[in-house]
Amino acid sequence: MKVGIPRGLLYDQYHPFFTRFFTELGAELAVSPPTNRAILDAGIQCCVDEACLPVKVFHGHVSCLKAQCDLLFIPRIMRLFRSEYICPKFCGLPEMVLNSIYGLPETITEPFYADSMAGLRKWALRAGARITRDRRRIKAALEAAIAEQLRFKTGYDDQGYPIRVALAGHPYNLYDTFINMNVRKKLNQLGIGVVTEESADEEEMAPEVAALFKKPFWTFARKTYGFIAASVARGRVQGVVYISSFACGIDSVILELVRDRIGDFPMLVLKIDEHTGEAGVDTRIEAFADMLERSGRVEDHHSPHGQRLSCCESPV
Amino acid sequence: MKITIPHMGNVYLAAKALFDGLGVDYVIPPMNSKAALEIGSLHSPEEICLPFKIMVGNYIQAIEQGADTVIITGSCGPCRFGEYCEMQMKLLRRLGYQVDFIVIDAPKCIGLKELMARIARVAAASPRSRAQKWRALAQAVRIMNLLDAIEAKAHEKAGYEKVRGTCKRLLHACRQEAFRCKTPREMLRCLHEYSRRLDQVPCDNSAKPIRIAIIGEIYTVIEPFSNLYIEDKLMDYGISTKRMMTPSWWMGNTIMSPLKINSPGIRMASRDYLPYYIGGHARECVGEAVLSWKEGFDGAIQIFPMGCMPEIVSKAILPAIARDKDFPILSLVVDEMTGEAGYVTRIEAFIDMLERRRSHAVSRH
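Chains as they are written, first to last, in the numbering used here: chain A, 1 to 316; chain B, 1001 to 1365.
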């Protein structure tokens, strides 16, 4: 039995769990290659037009894998934390894929609730039953997979750079270096280090989130907002770089909440979609880097959007 | 305290009756228009969905007329609507408006006690006795149900009427006259009268009009301004339409959903295509598409605002239904940039196609 796992959406964050789980059950794995032009094109071709870039990329990974496996795993991640969701598109992802791509093998689409052990066990028993009948083996595989996931650390925390920025956005936009054109490398080359939300403390983030009128019901919204607000308030970063896919519903909310919280603190929002041209991204990152560098040297800080442009710059 | 509410279809009439019955001060914002949308899109985040922008326009126009408290409903996701209250509060504060928000949210996310406290704030503004308050609420609910029934009747009969335009004129006159009523009782009487008059519209019962189901995102199907008055347009073409998504359906569904006994028909119909609730009304949209096929409609039109997360999922599923059931479905995406000419062309082409299918024996009719 060969299980296909598409390298899309939350794969970068949760691959230790899923790969370990299926290998423990004795399945052979087929994982799609890192995103490339061919995968992106295949995704754009079969996916519904209105979907966001990462969902299109996921479709591309599926269509690349479909002939290479007997059983395709399409994660339906409903919940990672209590009473929080990911995004409606994650809940309906299997249906989107099944109705858009022809010639798929058998699929595993059981809903995945990671907010409780009971939810995980239910998922494991249902998904594992497709590979083995041995329930004890499935339970053991789940334990091993959880342990593997807990050992796994992700995130960037660059040291030794004169300027540091918070790199924020959905994990699949941050860690897929093809669709974000390796923004981290570009920033590093300009002498800017990046930190991601994994480096922030839950305890610092919690009071920031609690200050909102309503607790955000999306995991990404809670974490990203908490991370940016906490790192800006504590002066840990000199700027924020937010990678957002075009027409992302959750980002439209997070960005508004963040802007309201941090005021005119420097923030660069990089919108990415299947048409993004690299030259434009480079220009914007360079301009942002220049601005951060100068605002460090000039006593009267430059405003990022022209409200407080100083007329009495001190000579550098 | 001067209360206002954002527009959504005929809800303003029921709200007016409720506030009249409670004896509280209120402002009904001017009817939705380009002006409201322009104010809204000027101040709203660019990528937020269309209902948000129209609602912000409503608030600002109502505040200019003296409103100081906004009542809106909430939800706990995963659709963006649940975050509207937070963003709109901050947005209005940033613009310098002093306005209070009363968010009627689901008890499962704010707790029953908090919900009661919020409702009590509205009730406290009313000088009436407890019994009178309950009566006002009951009357408002009856008005909402009656309005939805009248609308559904007019939309259905538009395909059968002998004199084209009778139903549409009656429906518009009904809304105008209801809005002029001073008390809930007067409004109820007025609505009953119009309901009777609609029943008496001369009809050609041998007619076989094209029948279309309107499905999609709840705000854009209910609020006629946001869908460029699609139902009025279809009435003009002599097409009989049906829309399951109404404010009264929403009320019933919301009350039943904690017990998981809401909308059994939709649950059954959507089982093969989308067996989970994924937020918004995606499952309803898919279920209604299947149900309207079962009920013998000629086609369905899905409407949703640009970027609507749940409806994007249903848009991916609808072509599979269209293929499996041989049932034409048109998806229309609306936002503040939607041009009327292109929109109308697509609707007309869709209707032409439905008509020709009938004459080419591919249709079931």
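Simulated from the structure, these hints should not be mistaken for laboratory data.
A hint or two may mislead.
[As the list claims (entries may be wrong)] If you only want the chain B side, here are some residues facing chain A, beta carbon under 8 Å, derived:
| id | residue |
| --- | --- |
| 1 | M1089 |
| 2 | L1092 |
| 3 | G1096 |
| 4 | Y1273 |
[What the hints assert, rightly or not] Think about it this way: if two alpha-carbon atoms lie no more than 35 Å apart in a straight line, the pair counts; the simulated DSBU-like pairs of lysine-lysine are:
| id | chain 1 | residue 1 | chain 2 | residue 2 |
| --- | --- | --- | --- | --- |
| 5 | A | K66 | A | K215 |
| 6 | A | K215 | B | K1294 |
| 7 | B | K1034 | A | K214 |
| 8 | B | K1002 | A | K153 |
| 9 | A | K66 | B | K1294 |
| 10 | A | K215 | B | K1133 |
All C-beta atoms in this analysis are idealised placements derived from N, C-alpha and C, irrespective of residue type, glycine included.
Now the hints, each set against the structure:
1. The interface hint given for M1089 of chain B is met, as the beta carbon of that residue sits about 6 Å from the closest beta carbon of chain A, less than 8 Å.
2. Interface restraint check for L1092 of chain B: the shortest CB-CB distance to chain A comes to about 12 Å, outside 8 Å, so the restraint is violated.
3. Interface hint status for G1096 of chain B: violated, as the beta-carbon distance to the closest one in chain A is roughly 14 Å, over 8 Å.
4. With 8 Å as the threshold, the beta carbon of Y1273 of chain B comes within range of chain A, its nearest partner Cβ sitting at about 7 Å, so the hint holds.
5. About 40 Å separates the Cα atoms of K66 of chain A and K215 of chain A, which puts this hinted pair outside 35 Å; it is violated.
6. Restraint check for K215 of chain A and K1294 of chain B: not satisfied, since their Cα atoms lie roughly 41 Å apart, outside the 35 Å limit.
7. For the hint pairing K1034 of chain B with K214 of chain A, the CA-to-CA distance comes to about 31 Å; that is within 35 Å, so the pair holds.
8. Taken as a hint, the K1002 of chain B and K153 of chain A pair is broken in the structure, with Cα atoms around 53 Å apart against an allowance of 35 Å.
9. Among the hinted pairs, K66 of chain A with K1294 of chain B is consistent with the structure: their alpha-carbon atoms are about 33 Å apart, no more than 35 Å.
10. For the given pair, K215 of chain A sits about 32 Å from K1133 of chain B by alpha-carbon distance, which is consistent with the 35 Å threshold.
The structure shown violates the earlier hints numbered 2, 3, 5, 6, 8.
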